[in-house]
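K.L.:
Below, each chain spelled out in residue letters.
Number of protein chains: 2
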Amino acid sequence: MTTAVTETGQERKAPGRPRSAQADEAILDAVLELLGGGHSVAAISIEAVAAKAGVGKATIYRRWPNKEALIIDAVASMKGPLPVPVGESVRDDLVMLLKASRTGRSLRYGQVTVCLLPEFLKDEHLHDMWRAVMEPRRDVMRQVLRRGIAKGELRADLDVELSLLMINGPSMMQNMLQWNPAVPPEGFAEALVDAFLRGAAA
Amino acid sequence: MTTAVTETGQERKAPGRPRSAQADEAILDAVLELLGGGHSVAAISIEAVAAKAGVGKATIYRRWPNKEALIIDAVASMKGPLPVPVGESVRDDLVMLLKASRTGRSLRYGQVTVCLLPEFLKDEHLHDMWRAVMEPRRDVMRQVLRRGIAKGELRADLDVELSLLMINGPSMMQNMLQWNPAVPPEGFAEALVDAFLRGAAA
Chain R
1 MTTAVTETGQ ERKAPGRPRS AQADEAILDA VLELLGGGHS VAAISIEAVA
51 AKAGVGKATI YRRWPNKEAL IIDAVASMKG PLPVPVGESV RDDLVMLLKA
101 SRTGRSLRYG QVTVCLLPEF LKDEHLHDMW RAVMEPRRDV MRQVLRRGIA
151 KGELRADLDV ELSLLMINGP SMMQNMLQWN PAVPPEGFAE ALVDAFLRGA
201 AA
Chain G
1 MTTAVTETGQ ERKAPGRPRS AQADEAILDA VLELLGGGHS VAAISIEAVA
51 AKAGVGKATI YRRWPNKEAL IIDAVASMKG PLPVPVGESV RDDLVMLLKA
101 SRTGRSLRYG QVTVCLLPEF LKDEHLHDMW RAVMEPRRDV MRQVLRRGIA
151 KGELRADLDV ELSLLMINGP SMMQNMLQWN PAVPPEGFAE ALVDAFLRGA
201 AA
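As given, the protein sequences belong to chains R and G, one line each in that order. Under UniProt numbering, the first residue of the first sequence carries the number 1, and numbering increases by one thereafter. Under UniProt numbering, the first residue of the second sequence carries the number 1, and numbering increases by one thereafter.
FYI, nobody ran anything at the bench for these hints, they're computed from the structure.
Where chains are identical, the list cannot tell them apart; a pair therefore holds if satisfied intra-copy or between any two copies.
Calculated cross-link-like contacts (lysine-lysine; reagent style DSS-like; alpha-carbon spacing at most 30 Å):
(1) Lys57 x Lys79
(2) Lys99 x Lys79
(3) Lys57 x Lys67
(4) Lys67 x Lys79
(5) Lys122 x Lys52
(6) Lys52 x Lys67
(7) Lys99 x Lys151
(8) Lys79 x Lys52
(9) Lys122 x Lys67
(10) Lys122 x Lys79
Bear in mind the structure is a predicted one, so any value in this text is a computation, not a measurement.
Please model the complete structure; the sequences and the hints are all you need to start from.
P.N.:
Right, here's the structure in full:
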């Protein structure tokens, strides 16, 4: 990221926030709009992003080395900061992590992700970049489960990797597709975590 | 479905199977290849399907009322016949149902499904058609769970709809995306069902 520089002149807006942060946000929003609107990665050009964001192409190239990096950054930007578990109760921490992935912004994230999935099948490198961005988030939950085992809250023989899948799989299918409309969104995180813990508790 | 009729003449192949069944299969395969190759529903034309399948457009229109019906039929054709649970053990039935959704053909199904998901966001009617095709399969598992509750194998207060999501969500995320590569495919169905039952058993 560079600091604010003079660009097209059109971007002269209210003072207060640095110019570069405004431009960054406009660029990331433009990518998300294009992706969420069903444009494939191949169909998204830096030109189109620049036009939609109201910035010059150079502004984009100064900040991101290539289109793939920009797209992964845009998707990651929807997730917000990495959540920090309290560390007192496995249940509370898991519910917090699931709720953090179900905010309004994240539901839009679910839809954008759906549009990216076919791209991952076509482009393993893009898939790897996405995995690298998501891994720290997955690891937060992994640490919660490991701490639960160490403190005796969870079964000593719990399969941590399978558990990650059992907690995130249902949540993602609902976020992305509302896979089972008969499962209400209210209280979903609590219900899922409680059902999981019934079999996972020590 | 009509019985065999004379069409382009090009289709005169080895006798034995009815001509119409051969043509049907070629048509459905062509759709799946186009979908799996990353073509969007909008980008798939009846012309392209006909050319790929080596049949005339009329052959397709005689069998399917429109492109959407053809595409849903093609996706459904990958699932094979509706599985029939034995009804003796909830565990055995759930493992069988999960394994039925993880054959080689179904893994390809997972990939084709991934390519269809963005289309569902764009076209609610297509999504509804897909749900209608999938609902009988979902209902097979629902009946297994209900029978388990009735026979006292499962907790009386089990949330059946949440349970469907807890069993299918992790399985779909693995089939479609191999979401957690640290979870091995061997023994996956058994491990998931056993972990689920630990909390769901009476």
